[in-house]
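Asker: Residue-level listing of the chains:
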Amino acid sequence: MSDSATDSVAAPTLHTLEFRGTGGEYFRIWIVNLVLTIITLGIYGAWAKVRTLRYFRGNTFLADHPFDYHASPVRILIGRIIALVLLLGYSISARVHPYAAVAWGILLLFALPWLVVSSLRFNARNTSYRNVRFNFVGSLGGAAYAYILWPFLAVITLLTLWPLAHRARDYFYINNHTFGGKAFFTKFSGWSIYRIYLLGIAMLFGLVLLAVPVAILVLLPLGLLKTDPKTMGALLVGPIALLYLAFLYAIYAIPIVVRTMSINLALGNTTLDGRHELRSTLSPLRMAWIVLSNAFLTLITVGFYYPWSRVRLARYEAAHLSVLATTDLDEFTSEAIATQGAIGEEIASFLDLGIGL
Amino acid sequence: MNLEGVYFFPHTSRPVHAFASLSPERNLIIVDAAGTVVAQAPFKAVVVSQRLGRLRRRLKLPDAGHFETSDNDGVDAMLHQAGRLRSGGLIDRLERSVKWVVVALLLAVLSVYLLVAYGFPAAAVWLARETPASVATIISEQTLQTLDRLALSPSKLKPIQMQKARTLFARVSTLGARGAAGYRLLFRHGGVVGPNALSLPDGTVVMTDELYVLVQRDDELEGVFGHEIAHADRRHGLQMLYEGSLIPAAIVLVTGDPSQLGQIAAALPAILIETSYSRRFEQQADDDSAVMLKRIGGDPAALGEFLERMDRKLCGQKGCSASWLGSHPATADRAARLRNESGRSPNGGQTRRPAPHG
Ligand SMILES: [Zn+2]
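Chains as they are written, first to last, in this note's numbering: chain A, 1 to 357; chain B, 1 to 358.
What the hints contain is simulated information worked out from the structure, not anything from laboratory work. For clarity, every value in this text was computed on a predicted model and none was experimentally measured. Think of the CB as a built atom: it goes at the ideal place given N, C-alpha and C, for glycine as much as any other residue. There may be inaccurate statements among the hints.
For the chain B half of the interface with chain A, some residues (derived, Cβ under 7 Å), not all of them [said to hold, decoys possible]:
#, residue
1, Leu94
2, Ala108
3, Thr146
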């Protein structure tokens, strides 16, 4: 139990995350959550959220040990009530005076760093692995730098600096997370993230250039069949709609590809405590396929595929994230941290600020 | 009672293979594989996580040490033995019972149906009615500006034609909820919009030149005006706006997932639901128009005939009903409904002014 000296000289081991939840099991949890949330007019939603996050973290295993989630539903409920009151205040004042919306926007801009930091901190502090908590130590200044200054710079340079703004956000996110007081750290070149965005732009152009000949190839033979312009119009509506839908889905795929590649880049260069290396080997096309086919299946089953779709995504993501550990991962000790209210987190999630990688 | 699992000393991540049991004094005793006691605490001070699926149970000791085990039934038995198994297990029993899951499924389908069929429309009606006139004016002006910039252009109608339309508009608008002064008629050249009339929440009715030239009888145009005034009175435009934002918001609230997946999945149902709502709005506006026409002695069926003529103009002899999404409110149905209204009217559907329209 105490021979850590021999541990540290052992060969590095690659531990891959594993998601052990099943769609059927999550479906039962989801449907009960759904009904209780509707019956209680949304109040149970806070408990539902905790159960859902516990289910997903608790079924994610690393080296045969699960993660865990500890948030108190009551805190989340209070946070949601405050978010709702603010939202109501916004909509009422916006009715009384149209410029009130502008004032709220400015207020939100000032509150943004606090919302981002408290959201990330709440989430991290309530997540544990092997009895040791994660933490987030980002400052308000750091959040303002990553979430306001960089996007502002990107906008005034006509988005040419956007990839660097993205990198600043990833740095803020990863480099301020800690586990048992040990820091996560990532660093990668500007060119490597520019390359991802350039590829995304190339895909977009390629798609648009491809769309015209494909449309002509498909529609031309159909058009030649009938000479009567009126019946031809009716005949073409279906294929045009299908082509448009296919085009739309392909367009949706591009941001998923870009996002997946940037996650691979950011996490793949991450170390914990300067010793344990993270590996992220998500396939961009595979991710696009999973997300889009999930959306499609959820759509045609009027939502009932949703639990399976989340499990499917979680399983794939876990299977492609691993840790190259130089030791047994059992020498971490937790630091004394107090969990704080969920107010910031709930406001942030109400506004869907999209905080993360 | 002996639970097998893993123990973590306070604040450490090193797992120890261990066993937990309840002593007669209701103390939780944790021993390692060698039988040495590694931790103990009064059981009432131990925080036990709620049962959830096959997740490992976490028994958190007061000193922040923690024991975890996959033996869910064993933990429940221990809680039972200590007299601590209360409502916490209720949700889990619901989740594990096939009967209750089926009941929940049916309840979910029913409540989603009730929400979509009655809840959202009722909320939208309430919100639309509560929206102050100043906001309705701003929305209307914005919408008109956008339309003018994107599609519409100044009318090419002759002054005498405009005068004629204004006279008919005045006849109908006196019957509107806001009185004649509450509405105004604007003329535009439709361009890509084609023959159309639309109403804005502040009582503005916009008519395209292309619609005017299709009109053959006065009460056809009066029917169109009555229809658009009804849209404005019932604030259908605002209702559409609110329903359009309520549905995605509700989907996010229920799934708790404001991600890309949720948004993509929400898009199509929202469109379909809105289409069915818009069909209901058209029917209401047609009914109101019929009532107004009867009061000024016109024929409600004229609007139906006009709609059918517009359809033929737009889509050829067969009409638009074979539209690929089937979303177009069937003009034939609307015309039949209006003819029905006309049949019940005291005028018996006779044409008051058979003279062809100028
Ligand atoms: Zn209408």
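Asker: Name the hints, by number, that the structure is in violation of.
Answerer: Violated hint: only 3; rest satisfied.
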